[in-house]
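Sequence lines, in order, name chains Y and E. The numbering of the first sequence is the numbering used here, which starts it at 92 and goes up by one. The numbering of the second sequence is the numbering used here, which starts it at 3 and goes up by one.
Where hints are given, some of them may not hold.
What the hints assert, rightly or not - Selected chain E positions facing chain Y (Cβ under 8 Å, derived; list incomplete):
hint, residue
1, 24
2, 90
3, 93
Stated by the list, open to error - In silico negatives: residues of chain Y with every beta carbon more than 12 Å from chain E:
hint, residue
4, 104
5, 108
6, 118
7, 125
8, 136
9, 146
10, 162
11, 172
12, 184
13, 189
FYI, nobody ran anything at the bench for these hints, they're computed from the structure. Even glycine gets a Cβ: it sits at the ideal position worked out from N, Cα and C.
Next come the chains, spelled out residue by residue.
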Amino acid sequence: DQQVKQNSPSLSVQEGRISILNCDYTNSMFDYFLWYKKYPAEGPTFLISISSIKDKNEDGRFTVFLNKSAKHLSLHIVPSQPGDSAVYFCAARQGGADGLTFGKGTHLIIQP
Amino acid sequence: EAGVAQSPRYKIIEKRQSVAFWCNPISGHATLYWYQQILGQGPKLLIQFQNNGVVDDSQLPKDRFSAERLKGVDSTLKIQPAKLEDSAVYLCASRTTPFGLIAQYFGPGTRLTVL
């Protein structure tokens, strides 16, 4: 039973364009959502988070949007750069508990 | 500020052998987590410590996995005996207090191969 789903295993985007990574969830008790970036042979690196009471959070080139009614969130990267090529994980925290539930990840490839 | 440290980085063992992983969290981080990441999957929480007490170990296979954090700082995760399906990357993460920022910070992981 996958509570956090990233349905696109990979995504290819041209350098300078917008990258949009999507994530769906099923558990209404999630109170925070986070995005992590992972390079090979390294641990996940925290990028940005959003509370379930908000619908948008922005940090530099990264913006996360949350649509609670659709149980959907997305990460926008503008403009995309070669160093953004990595696997991106969507994660969620359930209120009252602290461990994160992760999706399977999306491999983002930025093409020159 | 130093990040989360883990050792060893790689380990290869035969099935039925035992293995231990070590983690040193970011200084001052009271909460420590161990995750298991199987190839092609996202990390899965195994156990969470708050200082030296266990907060959540509901997904830890307790018949073969054990973990401790004796002095509220370093932690070890042990598997005994290992099975083929334990082949994975074991990630340690830490966070500040329960009421601090929610982001967890991960170490580089230990890649375990069970033959």
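Numbers of unmet hints, in rising order: Structure breaks hints 1, 2, 7, 8, 12 and 13.
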